[in-house]
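Student: Now for the letters of each chain:
2 protein chains.
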Amino acid sequence: MTVDEPISDYGFLADALDAADADAFVHVGDADADLRYLAPLSETTSDYGFVYAGGEATLCAPADATGGSVDRVAADFPGDVRREAADDPVGTRVVDTLADRDVADGATVLVPRQLPHDAAVYLESAGYDLASTPAVREARAVKSDRELDRLRAVQRAAVRGVERARSILRDAAVREGTLHWQDAPLSTERLRRQVNATLVGEGVADVAHTRVRVGTATARSAVELSAGTPLVVSLAPRGPHGYYGRLVRTFVVDSDGGWERRAHVGVESARRVALDELDPGESLRWVHSETVAEASSFGLTATEGDRVYGVGLTRREGPSLADEATVGNVVAVHPSATDEERGTVALADLAVVTEEGCELLVDCSTSLVP
Amino acid sequence: MTVDEPISDYGFLADALDAADADAFVHVGDADADLRYLAPLSETTSDYGFVYAGGEATLCAPADATGGSVDRVAADFPGDVRREAADDPVGTRVVDTLADRDVADGATVLVPRQLPHDAAVYLESAGYDLASTPAVREARAVKSDRELDRLRAVQRAAVRGVERARSILRDAAVREGTLHWQDAPLSTERLRRQVNATLVGEGVADVAHTRVRVGTATARSAVELSAGTPLVVSLAPRGPHGYYGRLVRTFVVDSDGGWERRAHVGVESARRVALDELDPGESLRWVHSETVAEASSFGLTATEGDRVYGVGLTRREGPSLADEATVGNVVAVHPSATDEERGTVALADLAVVTEEGCELLVDCSTSLVP
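Protein sequence lines, in the order shown, are assigned to chains A and B.
With UniProt numbering applied, the first sequence closes on residue 370, and no number is skipped along the way.
With UniProt numbering applied, the second sequence closes on residue 370, and no number is skipped along the way.
These aren't lab readings, by the way, just hints derived from the structure by calculation.
It should be emphasised that the depicted structure is a prediction, and the values quoted were computed from it without experimental measurement.
The beta-carbon is built from N, C-alpha and C at its ideal position, and this holds for glycine as well.
Please note that a few of the clues may not be correct.
Quick look at which bits of chain B chain A covers, simulated, 3 or more residues with Cβ under 8 Å [stated by the list, open to error]:
| hint | stretch |
| --- | --- |
| 1 | 117-130 |
| 2 | 189-201 |
| 3 | 306-316 |
Chain A side only, calculated, beta carbon under 10 Å to chain B, not exhaustive [as the list claims (entries may be wrong)]:
| hint | residue |
| --- | --- |
| 4 | 200 |
| 5 | 201 |
| 6 | 204 |
| 7 | 207 |
| 8 | 238 |
| 9 | 309 |
| 10 | 314 |
| 11 | 315 |
| 12 | 317 |
Construct the entire structure; sequences and hints are all you get.
Tutor: Listed below in structure tokens is the structure:
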């Protein structure tokens, strides 16, 4: 259940080989996201090799991986699985597979740019010419229906995490300006752990990127929460199939209606602009700059960094600001404003680009009031 | 608090350069464990470059990483941090750094074998000769006191997770052979989520490798638990500083005293043998084979796969079976026996190799009875 099923249609690799007049595609590694996209490898701790040639996919599995996990991988892989001697480097196993697939010396082999150096040396020593291809990265930027289901599932878990934070903050009592919950002071760390417990209760696998922050400093230690201060709950949970969600909300308990209210109106407006502008064919750099401009029009200083970016098997992937939005892209829309003295107000959601524009993967209230 | 602090002493790189008559060491990447060992990069989603030359470490940070996270990295990095134009490939940034450090064309540059292929091409185009080095991997196999503290901390969280499972199983009622807890049937999935909630409550970042299994099949869907059947709770949580724990326990509710009792005695005995044999200078392959032999002497079939292996920033790392144990190695001792009809009994603990032999990082009861 926690094994990633791979994609099952390698047509995009066939297209890349045709376009480059190449004979094979090769990748090697363990936890690399491109390899996890190509093959069901979430559990591995050993190097696997992936070869696509002659319309067939082959996975070179190390015999030293425990039997059960290779069996699980083989059950889900839409191609041959070769189990090889543990002592052979994966580079030699990949070269053997190319030979068995009749890929001749001198042929061009496409590889992702992050192919491990030692595998490249084995391939070049065997007489193959290597050429980098962004084909896997580009394919990953356009999500299939199955990938969208997985992204929606983890994003729904993120909503539960935000709702848990909201409910704790709603129940919190203010005593001499500081927040108390269940008769003890409420710190960023205590709230973070409560949110994480909710996330894993929803089946989330990785909560390493849950942040609960006040102020502009990126505080590392627990900070006790106080009334009137913006609190940013920033979630990037990874679901059981390896896909990341992204959801950020900002709360203020007993707001005095000052900067944070204005900032929240501006950031909500910037969010609306980003979602309005995110259409097929639109440049992401344009969407980003319109988002920042909208926040500025409220007199706010936008937080630095990209305000739109692709999300999937990694927390940041294609499309990037250099790309145009394409149907099937999943994009985090993440407006944010910072004031050195008052703190940060931020919102983030995942949207999928559709023929008609874009739609949120999951709805979640943006209210500043818990 | 969740940022990994890097090691601060790169003496092992100076030694590797001396031994190979090389002038610099280079690595490039994002989530790679070797790079996380060299620099505090747990939060990054962009490529960083690490250069060691002339006794100085330099980190090439991409300007497109959000400002806060580069600031955090810079605060913890024991060397220069260069922020570079976002559009430059990290390979060119690393080449520029080498030039600034007066590393001349034609010099030998050591790299880990998994250096990304495109970075290797940039280095070779700039006239450097690349040679692979296992120096980082070897250094990672010997843990510092700070690393041991982090491993102990996550292993303590794992003990709480196992104790949570034990307590739920102790409280469970048997109704017509199946286990019920809090008035509902208890499944592997329900127990797994309870354990995971405990782990994240203890500050664990990643619970993706928590397994709760019955029988020999590597079941993917929830299975309702029944009395008399061995239940394996297998934990490999990753703590906030990036280090993994490893703890496996087997429980049987209302055992009828059959195969699982004998298997448990045999596996406990194999565990004792492994801990007795794990001494500095001892071959890990010998420790592994003695562990398997001890289980066999009870008439048990050992589960396939390595029964001893190094653990740290990854779930499996040095030392491997080909190595001799060295003071500071952290090794999972993981005896396991399988019967096709009765299931699996397994135990795993982390031990650190000391001058006198080895010691468990953390104690945890091995009892089969919850």
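Student: Hints first: check each against the structure and report whether it holds.
Tutor: The hints, checked one at a time:
1. Coverage of the stretch 117-130 of chain B by chain A holds in this model, with 5 residues showing a Cβ closer than 8 Å to a Cβ of that chain against a need of three.
2. Look at the stretch 189-201 of chain B against chain A: 7 of its residues bring a Cβ nearer than 8 Å to a Cβ of that chain, three or more, so the hint holds.
3. For the stretch 306-316 of chain B, the stated coverage by chain A is satisfied: 4 residues place a CB nearer than 8 Å to a CB of that chain, which reaches the threshold of 3.
4. Hint status for residue 200(A): holds, given a least beta-carbon distance of 4 Å to chain B, under 10 Å.
5. For residue 201(A), the interface hint holds, since its Cβ comes within 10 Å of a Cβ in chain B; the closest pair sits about 5 Å apart.
6. Checking residue 204(A) against chain B: minimum C-beta separation of about 8 Å stays under 10 Å; hint holds.
7. Hint on residue 207(A) holds. Least Cβ distance to chain B is approximately 6 Å, under the 10 Å limit.
8. Taking 10 Å as the C-beta contact cut-off toward chain B, the hint placing residue 238(A) at the interface holds, the least distance being around 7 Å.
9. With a least beta-carbon distance of about 9 Å to chain B, the hint placing residue 309(A) at the interface is held under the 10 Å criterion.
10. Evaluation of the residue 314(A) hint against chain B yields a held restraint, the C-beta minimum of about 6 Å falling below 10 Å.
11. The beta carbon of residue 315(A) comes within 5 Å of a beta carbon in chain B, closer than 10 Å, and the hint placing it at the interface holds.
12. Hint status for residue 317(A): holds, given a least beta-carbon distance of 8 Å to chain B, under 10 Å.
Comparing the model with each numbered hint stated earlier shows that all of them hold.
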